[in-house]
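> Sequence:
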Amino acid sequence: MRKHYTHCLEKFGCTPIILPITKSVKNIDFLDGLLISGGDFDIDPIFYGQKINSDRVQTSPDRTDFEIELIDRFFSQNKPILGICGGCQLINIYLQGSLIQHIQTDINHEQVNPRNETSHEIILNKGSFLEKYKSSGKIYVNSAHHQAVDKLGNHLKIDASAPDGIIEAFHHESHPYCVGLQWHPEFLITDFDKKTIKGFVDNVKKNFK
Numbered sequence: 023m024r025k026h027y028t029h030c031l032e033k034f035g036c037t038p039i040i041l042p043i044t045k046s047v048k049n050i051d052f053l054d055g056l057l058i059s060g061g062d063f064d065i066d067p068i069f070y071g072q073k074i075n076s077d078r079v080q081t082s083p084d085r086t087d088f089e090i091e092l093i094d095r096f097f098s099q100n101k102p103i104l105g106i107c108g109g110c111q112l113i114n115i116y117l118q119g120s121l122i123q124h125i126q127t128d129i130n131h132e133q134v135n136p137r138n139e140t141s142h143e144i145i146l147n148k149g150s151f152l153e154k155y156k157s158s159g160k161i162y163v164n165s166a167h168h169q170a171v172d173k174l175g176n177h178l179k180i181d182a183s184a185p186d187g188i189i190e191a192f193h194h195e196s197h198p199y200c201v202g203l204q205w206h207p208e209f210l211i212t213d214f215d216k217k218t219i220k221g222f223v224d225n226v227k228k229n230f231k
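The opening position of the sequence shown corresponds to residue 23 in the working numbering, with each subsequent residue numbered one higher.
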């Protein structure tokens with residue numbers, strides 16, 4: 023796991039705890055929120071009723087099973103959940119959505135420049151919960167993924183998309199805080215990234231004992 027995932031939480035007052043992949047999730051009710059990170063793998067299409075149709079798809083069954091169990095636990099407890107990149111895709115699958123197995127558009131979503139630089143614009147939907155984090159001008163994000171949300175999961179609302187239509191952000195309509203972000207705000211490149219991560223942390227702090 024890249025250090026950025028923990029450093030961005032520490033910056034805003036959280037103590038990150040990295041959970042190992044295990045067969046059983048026990049004794050973690052003391053945790054106040056959940057961040058599902060990205061990773062160099064894909065979710066097996068069997069989870070959304072498809073077969074692998076791209077040679078780019080590389081799965082990690084144990085990690086996927088473990089993280090679905092984590093999402094199920096935190097979702098049922100109404101604790102904040104943030105999915106970044108692959109974590110965003112997993113939330114969508116958990117809520118009965120599907121994925122584009124390999125993106126083929128005119129935007130390179132696997133940017134060639136370093137991840138600590140922005141790559142392309144995202145456009146906020148009207149009424150997006152992300153609007154409160156925008157100052158002025160266009161919003162640019164980094165991008166490091168070859169898959170994306172296809173069919174949107176149950177009770178999810180789109181908050182932002184790339185100019186090519188790829189979904190970049192969504193939230194659950196009734197959960198207190200269940201959010202998916204397709205880009206990597208943990209690099210804290212822009213003020214928008216910083217405010218987005220802080221928004222997650224602020225919701226986590228509501229559960230501090």
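I should point out that these hints are in silico values taken from the structure, not numbers from a laboratory. Computed from a predicted model, the values in this text were never measured in an experiment. Check each hint, because a few of them may be wrong.
[To be verified] List time: in silico DSS-like cross-link candidates among lysine-lysine, alpha-carbon distance up to 30 Å:
1. K33 x K173
2. K173 x K156
3. K156 x K227
4. K45 x K217
5. K25 x K217
6. K220 x K179
7. K156 x K48
8. K73 x K45
> Please go over all the hints and tell whether each is borne out by the structure.
Hints versus structure:
1. K33 x K173: At roughly 34 Å apart (the allowed maximum being 30 Å), K173 and K33 break the hint.
2. K173 x K156: 27 Å, holds
3. K156 x K227: Satisfied, since the Cα-Cα distance of roughly 22 Å is no more than 30 Å.
4. K45 x K217: Given that 30 Å is the threshold and the Cα spacing comes to 35 Å, the pair is violated.
5. K25 x K217: With a Cα-Cα distance of about 19 Å, the restraint between K25 and K217 holds, given a limit of 30 Å.
6. K220 x K179: The hint holds at about 21 Å.
7. K156 x K48: Violated, because 39 Å separates the two Cα atoms, which is more than 30 Å.
8. K73 x K45: The given pair, whose Cα atoms are some 25 Å apart, holds under the 30 Å limit.
Against the hints set out earlier in the document, violations occur for numbers 1, 4, 7.
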